[in-house]
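**Q** Here is how the chains run, residue by residue.
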Amino acid sequence: MTIKKIPKRFGRFGGQFVPETLMNALIELENEFVKAKEDKVFQNEYRYYVREYSGRPTPLYFSENLTKDLGGGRIYLKREDLNHTGAHKINNVIGQVLLAKRMGKRRIIAETGAGQHGVATATVCAMFGLDCEVYMGEEDIRRQSLNVFKMKMLGAQVNPVSSGTGTLKDATNEAIRDWVTNVDDTFYVIGSVVGPHPYPTMVRDFQRIIGDEVKEQILQKEGRLPDYLIACVGGGSNAMGLFYPFHKEKNIDIYGVEAGGLGVNTDKHAATITKGSIGVIHGMMTYVLQDDNGQIMPVHSISAGLDYPGIGPEHAYFHSIGRVNYVAVSDKEAVEAFQYLTRMEGIIPALESSHAIAYLRKLAPDTNKEDIIVVNLSGRGDKDINTITASYELPTTN
Amino acid sequence: MKSKITKKFEELREKKEKALITYVTSGDPDLATTVDLVLTMEKAGADIVELGIPYSDPLADGPVIQRGAKRALEGGADIDSIFTMVKDLRKKTDIPLVFLLYYNSIFKHGIKSFLDKCKDTGIDGLIIPDLPLEERRELNEMMKDYPIDLIPLVAPTSEDRIEKILLDGDGFIYCISSKGVTGKRDHFEVDLKNFINKVKKYTDKPLAIGFGISDGEAIKNLKSLADGLIVGSAIVEKIEEGMKEGQIKEKVFDFVNELHKAIE
Numbered sequence: 001m002t003i004k005k006i007p008k009r010f011g012r013f014g015g016q017f018v019p020e021t022l023m024n025a026l027i028e029l030e031n032e033f034v035k036a037k038e039d040k041v042f043q044n045e046y047r048y049y050v051r052e053y054s055g056r057p058t059p060l061y062f063s064e065n066l067t068k069d070l071g072g073g074r075i076y077l078k079r080e081d082l083n084h085t086g087a088h089k090i091n092n093v094i095g096q097v098l099l100a101k102r103m104g105k106r107r108i109i110a111e112t113g114a115g116q117h118g119v120a121t122a123t124v125c126a127m128f129g130l131d132c133e134v135y136m137g138e139e140d141i142r143r144q145s146l147n148v149f150k151m152k153m154l155g156a157q158v159n160p161v162s163s164g165t166g167t168l169k170d171a172t173n174e175a176i177r178d179w180v181t182n183v184d185d186t187f188y189v190i191g192s193v194v195g196p197h198p199y200p201t202m203v204r205d206f207q208r209i210i211g212d213e214v215k216e217q218i219l220q221k222e223g224r225l226p227d228y229l230i231a232c233v234g235g236g237s238n239a240m241g242l243f244y245p246f247h248k249e250k251n252i253d254i255y256g257v258e259a260g261g262l263g264v265n266t267d268k269h270a271a272t273i274t275k276g277s278i279g280v281i282h283g284m285m286t287y288v289l290q291d292d293n294g295q296i297m298p299v300h301s302i303s304a305g306l307d308y309p310g311i312g313p314e315h316a317y318f319h320s321i322g323r324v325n326y327v328a329v330s331d332k333e334a335v336e337a338f339q340y341l342t343r344m345e346g347i348i349p350a351l352e353s354s355h356a357i358a359y360l361r362k363l364a365p366d367t368n369k370e371d372i373i374v375v376n377l378s379g380r381g382d383k384d385i386n387t388i389t390a391s392y393e394l395p396t397t398n
Numbered sequence: 001m002k003s004k005i006t007k008k009f010e011e012l013r014e015k016k017e018k019a020l021i022t023y024v025t026s027g028d029p030d031l032a033t034t035v036d037l038v039l040t041m042e043k044a045g046a047d048i049v050e051l052g053i054p055y056s057d058p059l060a061d062g063p064v065i066q067r068g069a070k071r072a073l074e075g076g077a078d079i080d081s082i083f084t085m086v087k088d089l090r091k092k093t094d095i096p097l098v099f100l101l102y103y104n105s106i107f108k109h110g111i112k113s114f115l116d117k118c119k120d121t122g123i124d125g126l127i128i129p130d131l132p133l134e135e136r137r138e139l140n141e142m143m144k145d146y147p148i149d150l151i152p153l154v155a156p157t158s159e160d161r162i163e164k165i166l167l168d169g170d171g172f173i174y175c176i177s178s179k180g181v182t183g184k185r186d187h188f189e190v191d192l193k194n195f196i197n198k199v200k201k202y203t204d205k206p207l208a209i210g211f212g213i214s215d216g217e218a219i220k221n222l223k224s225l226a227d228g229l230i231v232g233s234a235i236v237e238k239i240e241e242g243m244k245e246g247q248i249k250e251k252v253f254d255f256v257n258e259l260h261k262a263i264e
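Protein chains in written order, with our numbering: chain B, 1 to 398; chain H, 1 to 264.
Possibly wrong hints are sitting among the right ones.
Said to hold, decoys possible - When the alpha-carbon atoms are kept at most 16 Å apart in a straight line, the in silico EDC-like pairs for lysine to aspartate or glutamate are as follows:
#, chain 1, residue 1, chain 2, residue 2
1, H, Lys179, B, Asp178
2, H, Lys179, B, Asp185
3, B, Lys5, H, Glu134
4, B, Lys8, H, Glu134
5, H, Lys15, H, Asp227
These are computed hints drawn from the structure, not numbers from a lab. All values derive from a computational prediction rather than experimental measurement.
So here's chain B without its partners, still in its complex pose:
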């Protein structure tokens, strides 16, 4: 039987820039993924676990308070923060771990930045009884200690990565090196729409459930599709999950919000599309923050999950054809948005998701009252309490 192949590229972006040792593993993965996509049993299993285990569908919450306060369109929050483990990451992990089981791989490895993907992977591995090792940069281990503790409790081994800048990109390098070494029995669960083909497509397909649900929910609530979509973008999986099912609807304005750090005109940000150029990182051709010699540059964001010098190749493509607007907000704006949503709605957002809220605050006042805006609230902020307390003074009670 010939197996249908999925395109390796999105325009000129994507591809498979990896050592030869991994090529057959990637081909095997693609074949298995294609089969699984068409296998009703697999699809039912995926739907079963995202529903019964993770709690989907997540609500599409009408935020009356933000709508009133910002004075523009009607604002809906897609509550991915209400997933089991507190972020959208688990949608993808359930899909990939089910694939790993199908392929008979007993050892799971993953990289993590904020720790959300690591926790999700450790969680699903605990449930299925699989060995799990998570690579995490030393800098991220420091600022996300709660998630490190969780992963260890869940039985995963957390491998600190000190090379490079000790953040997500280095953890990803190290996970790839592990995979090259243990490719026979190991499945690498990538946490975002990045990496060599077929990962960007596969992760998108496991995350598009976000946008598919939004479509159904908004039609039910409003009887029509939204006018604006907003999501934060590091590697870009929560954004792709929301955007993809809508990308052919030409009337919808879509915004991907990058991490502006201390400002996009400083050298401390992670605004890959805003400031980067085309290059190769982690097996894919995409936009990269790099110098003239192609060296990947150190990046900065207050949010560990956005602290990444690349971006998913399909986002690069959406940028190149003008389908999605990629914008940036600063650390400061993100922290203010964190406080804003917490006080206005009683929802504590992850610092990553706070970037989307920060952009919402700029965009919403200029929209019409009839407009519908959907923001992906990709995760909850418990993990960020340490970071926030360092930069935030609690208001004194009178």
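Given chain B, work out where chain H should sit, using these hints.
**A** Frame of chain B; chain H shown alone:
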């Protein structure tokens, strides 16, 4: 016209000898030392030298070569200064020189400009560990106009891909000894011999084995299998030892000489 690499292998084949291919990262710890080390290794018996272009994210490399790249980058080595170093080196030796580099280095620089500079300075081949068959077509086409070999890599996991990989490529075939990144290992692929025999079925070009060969002992065990053996990380470790004791050249000379004796 035959490349310097091809000629070197022919010359060695006639003498029934094997090629010793040694690696240093350009600019580790500085570019003047790299020039010295290439000349030193040639004197000690290296037949071909691989010059690494230091890269921030070398995902095929283990910790030793990662450290070498880091030292080189901290020392300020970049593509232009490396070409200047090669130009200088070429006045002093004819030894075949091969760049080992990651694709982003050449892509970001501009492929044509990079190849022009390789040609002008006298680089004989390129090894690009993150550019598998599927991604090398464009570069392959462009390189047809240049006297530079694009050296293909095959791995024990390549299996049915070996035949396709070997349709293109020149110089020699880089056979990756085992799964994993560069650096010392105690065990090679159990089926290394099988793997090498499979590769031989599809090509008459010289084969060189690399990844994890770290001493004379390993060389003695493997030399009957291929036309050349590649040693990288173990030499970078000698540089590190030499840096501590202030005698990099001596350390590297003794080590490469020991490898040379083992391969004879």
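**Q** Compare the structure with each hint and give your call.
**A** Right, here's what the structure says about each hint:
1. Lys179(H) / Asp178(B): It holds: about 10 Å lies between the C-alpha atoms, which stays within 16 Å.
2. Lys179(H) / Asp185(B): holds (12 Å)
3. Lys5(B) / Glu134(H): Holds. Lys5(B) to Glu134(H) sits at ~14 Å (cutoff 16 Å).
4. Lys8(B) / Glu134(H): Satisfied, since the Cα-Cα distance of roughly 10 Å is no more than 16 Å.
5. Lys15(H) / Asp227(H): holds (12 Å)
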